[in-house]
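Here is how the chains run, residue by residue.
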Amino acid sequence: MIEIRFHGRGGQGAVTAAQILAKAAFYDGKFSQAFPFFGVERRGAPVMAFTRIDDKKIRLRSQIYEPDYVVVQDPTLLDTIDVTSGLKKGGKIVINTNKDIKLEGYDTYTIDATDVALEVLGLPIVNTVILGAFTGVTGEVTIDSLKKAIMDTFPKKLGEKNAKAAEVAYNMIKEE
Amino acid sequence: MSKVKIITGTSAAAEAARLCDVDVISAYPITPQTTCVEKLAEFVANGELDAEFIKVESEHSAISACIGASATGARTFTATSSQGLALMHEVLFIASGMRLPIVMMNANRALSAPINIWNDQQDSISQRDTGWIQIYAADNQETLDSIIQAFKIAENEKVLLPVMVNLDGFILTHTVEPVELPDEEEVRDFVGIYEPKHAYLDPDRPITQGPVGVPSCYMESKYNVQNAMNNAEKVIMDVNEEFAKKFGRKYGNGLIETYNIENAETVLVAMGSVCGTIKEVIDDLKQEGKEYGLLRIRTYRPLPINHIREALKNAKNIAILDKDITFGMNKGAVYTDLAGFLKDKKTTNYIVGLGGRDIRQDDIKEIMKHAEKAEDGETKWMGLKEQ
Numbered sequence: 001m002i003e004i005r006f007h008g009r010g011g012q013g014a015v016t017a018a019q020i021l022a023k024a025a026f027y028d029g030k031f032s033q034a035f036p037f038f039g040v041e042r043r044g045a046p047v048m049a050f051t052r053i054d055d056k057k058i059r060l061r062s063q064i065y066e067p068d069y070v071v072v073q074d075p076t077l078l079d080t081i082d083v084t085s086g087l088k089k090g091g092k093i094v095i096n097t098n099k100d101i102k103l104e105g106y107d108t109y110t111i112d113a114t115d116v117a118l119e120v121l122g123l124p125i126v127n128t129v130i131l132g133a134f135t136g137v138t139g140e141v142t143i144d145s146l147k148k149a150i151m152d153t154f155p156k157k158l159g160e161k162n163a164k165a166a167e168v169a170y171n172m173i174k175e176e
Numbered sequence: 001m002s003k004v005k006i007i008t009g010t011s012a013a014a015e016a017a018r019l020c021d022v023d024v025i026s027a028y029p030i031t032p033q034t035t036c037v038e039k040l041a042e043f044v045a046n047g048e049l050d051a052e053f054i055k056v057e058s059e060h061s062a063i064s065a066c067i068g069a070s071a072t073g074a075r076t077f078t079a080t081s082s083q084g085l086a087l088m089h090e091v092l093f094i095a096s097g098m099r100l101p102i103v104m105m106n107a108n109r110a111l112s113a114p115i116n117i118w119n120d121q122q123d124s125i126s127q128r129d130t131g132w133i134q135i136y137a138a139d140n141q142e143t144l145d146s147i148i149q150a151f152k153i154a155e156n157e158k159v160l161l162p163v164m165v166n167l168d169g170f171i172l173t174h175t176v177e178p179v180e181l182p183d184e185e186e187v188r189d190f191v192g193i194y195e196p197k198h199a200y201l202d203p204d205r206p207i208t209q210g211p212v213g214v215p216s217c218y219m220e221s222k223y224n225v226q227n228a229m230n231n232a233e234k235v236i237m238d239v240n241e242e243f244a245k246k247f248g249r250k251y252g253n254g255l256i257e258t259y260n261i262e263n264a265e266t267v268l269v270a271m272g273s274v275c276g277t278i279k280e281v282i283d284d285l286k287q288e289g290k291e292y293g294l295l296r297i298r299t300y301r302p303l304p305i306n307h308i309r310e311a312l313k314n315a316k317n318i319a320i321l322d323k324d325i326t327f328g329m330n331k332g333a334v335y336t337d338l339a340g341f342l343k344d345k346k347t348t349n350y351i352v353g354l355g356g357r358d359i360r361q362d363d364i365k366e367i368m369k370h371a372e373k374a375e376d377g378e379t380k381w382m383g384l385k386e387q
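Protein chains in written order, with the working numbering: chain A, 1 to 176; chain B, 1 to 387.
Excised from the complex, chain B in its bound form (with noise of 0.2 Å):
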């Protein structure tokens, strides 16, 4: 039976993993992450869940210790934030290049200097590029789900990568709010039972995993992992549906979530926890008259570009928000991202939230005004003090 709690989302995440019967877990605690690894080793230690907790020193040899986990064929979880993130960096392309199914959470922590422990997504912006599927949640219930979603996403054949789900330090992983269960009997059937027939221990049959990758091979190889990730778009489509009709949720179509886009002339693309509060000032905004829309990237990595240009194909004003800054542009990593595939909008990107600045009602309105009048490619830094 599904039961509803009060919980935090590194709760959530620690109960999806569980839900999910994970083999093997490793992790290495950081703040805003620790509560989800005490979870799970509590539930390891209760004995509600039959995994292995792989204590290390580090968050680099808490992924290497996962790396090896999962080619033994295991179903694998690992958590972290930040630094821990960044530490991570050389290995996660090892997780990607491997091919293995290895699901994390990311609590998104701003990173140092100077010391920050509060929300923005500079951590997983910049792991962009190693080959892990990024899923950002809007909310802890939307954690909770796409932990399980990950793991038939990165599990399916013409997949087998690793995800990452991102949920903003803080904003959700410290707050509690009704995160619904799901029965753990439906989710294991949802799931399934992880069979690799690439990466596994069989002594009869042994195996040799992670060689040296030639001139003559290494291309082809980075080639696959392009292709897989083709895939995965229309896997995370897929795996969206199937557990909408399972579980009775669904986020937009598992890539992209729109919001009254199609009354609006302006829009504004977000990713994470900040879209909750662009929809409650979207709601408002309308009782006055005005229109404006919003376009959650639910998945970053695929990033969804045809997808995301069909939604935009009405719209005008196109305001992109980052948590996350490209020094040196002055422009953050989903502008960049975007820009080129939207060059007969105008198309203006806002610097908010680094370091955990709240933002406010108030700042979204300003942004869908500065939007309407701004010209194309202008970036503004919200909420900036005076110096």
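Bound conformation, chain A alone (with noise of 0.2 Å):
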């Protein structure tokens, strides 16, 4: 079984993050669950959502502790937040930013999602965006899946947008 933890902020839409990444390793044929982090929501601050995948039924249903991949909507959560809380030794991270980041004993990867998201989308919404290159850099789910969720979580064409912003992310963080 493998555990993914997103970190966000009210209205980024990691929890749909989570449940889009279910819906597409479920397409992949395995099984999955994804679900928030149980607490109050309020837009701006800081959110987690949390995914598990698995090649039988999901049985389990404690809260997620020590996740093989973290994922990253908001660069600005780095400062605040121990992002790496439990995440496996050698476990990647995928952070939206601008900037070159590299965390001490973790395979870190940056995309600037937001400048996807503004030039694919016209929204710096990051969510997609940086689904597409979480699946670039893990092969967890493959693309055509997520493309396949997405599409079917969003009304027609906001989702095929958003198809396109997550292909467009897989394939920069492929060709890096």
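In silico DSS-like cross-links for lysine-lysine, where the CA-CA straight-line distance does not exceed 27 Å:
hint, chain 1, residue 1, chain 2, residue 2
1, B, Lys290, A, Lys57
2, B, Lys5, A, Lys30
3, B, Lys246, A, Lys57
4, B, Lys279, A, Lys57
5, A, Lys57, B, Lys245
6, A, Lys56, B, Lys250
7, A, Lys157, B, Lys3
8, B, Lys250, A, Lys57
9, B, Lys279, A, Lys56
10, A, Lys88, B, Lys279
11, A, Lys156, B, Lys3
12, B, Lys5, A, Lys56
13, B, Lys365, B, Lys290
14, A, Lys30, B, Lys246
15, B, Lys286, A, Lys88
16, A, Lys56, B, Lys286
17, B, Lys158, B, Lys197
18, A, Lys57, B, Lys286
19, A, Lys148, B, Lys5
20, A, Lys30, B, Lys250
DEER-style ranges, computed between Cβ atoms:
hint, chain 1, residue 1, chain 2, residue 2, range
21, B, Asp129, A, Asp144, 49 to 57 Å
22, A, Asp82, B, Gln361, 18 to 26 Å
23, A, Lys57, B, Asn330, 32 to 40 Å
The hints are simulated quantities; they were obtained by calculation from the structure and are not laboratory data.
All C-beta atoms, glycine included, are put in the ideal place defined by N, C-alpha and C.
Each chain sits in its own coordinate frame; assemble them with the hints.
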């Protein structure tokens, strides 16, 4: 079983990202589960969401403390939150930032997802972009399933744009 | 055609009500139930469900409206949680006393004070004596399946009691996972059409419902509810079997589910989603050559005492988990219900997960170890901080 933790701010779609990833894994023929950190969500406040992916039915109902991967949607969170808390040694972390960041002890990947989102979507909403980057980095789901999951999460036009945004990020991070 | 969707527990509950073609819904939103009634309102607005959605100003009114609707012969559904369920309390007795087969989804959530929106089972446990059948689901699929089964159980002429299907707040209500939505026609064929003989509206045959029960008949009325509960045990088992034949899924014998119980001296007894975590731990420990068992109570009312006793006959140490507390006894309600019937065993009680305190795999392991060494009758609050 692999476990993924998403860090974002309320309104950035971290919960939606975790759910889309769960759908994509399911389209790949796996079992999955996604849930928010059970808290009181407010726009702009730090939030977390989680995804579990496995080859068999997932029965575990406790929260995730030692993720295999961490995704950070907002670079300002790095100053206030220990995003690597519990991340397995050598675990991969994907960060939305325009800076070159390396987190000691972890496999760090960066992408300027805000820039990609502005270019492709015309809006600074990064959740589907960073999912594309996550898919490129980890290969835990296929890009085709990710696009399918995005398409059936949003209305048609918006879905197509977001799937495109994910693909752009996927290719960008693959080329690095 | 059935199809699999990645949905939350509250969506699964709403889908179940839609599949059962309910006639009337009345509910008041409360976290973490809200998305269920939002979804149902959407179904009605989109024309996907031909039902009357009665908007009300409180849960007390919601269940009262459901009683009125059900008394006309309509298939009726409601959903609530925590304080909302507590506010319904006095009216819940009326639903069972009038023998109205209302089905309710309850998102298990702690009661105030302090204010807490997270999971435990104090809310539904506190309604155990209201004459409602109580089922506890362990995942989102079971939530959907149990609501479909609930209408068939409730409307059975030998039962005619309301049914509450409980799912753990947030842990299930806000978690998405794969859920198979059965074919609509097959569900409607399975639950059938509700044609009450005792409670319906017909201007040509006026009847009085819910009149005064004077001392000369009140006791019989309550005795009949108890008899209906007795009958429900068999009906729940039959419906579970019938459901398995039609849809390919079953939940133990409908009343209880056991896991690795035949190999184990120490058996945990629990209800709801924590049973998934317990099964994980049992499998992990099995790899190390250690055997533990689980008895999941799926139906808490009627409480299937004989089935529980039979399932536990070879167990030595019985660890009973409670997501609730009976103040002044330092025990949970499940423990107090069972201990008297398990006098020849060592029973211990664990108060777990109150107000959303996470139950980790290590907590389960600690319970297993403790149950082996503890004295009979001990109670332990798990994960309690020093004060």
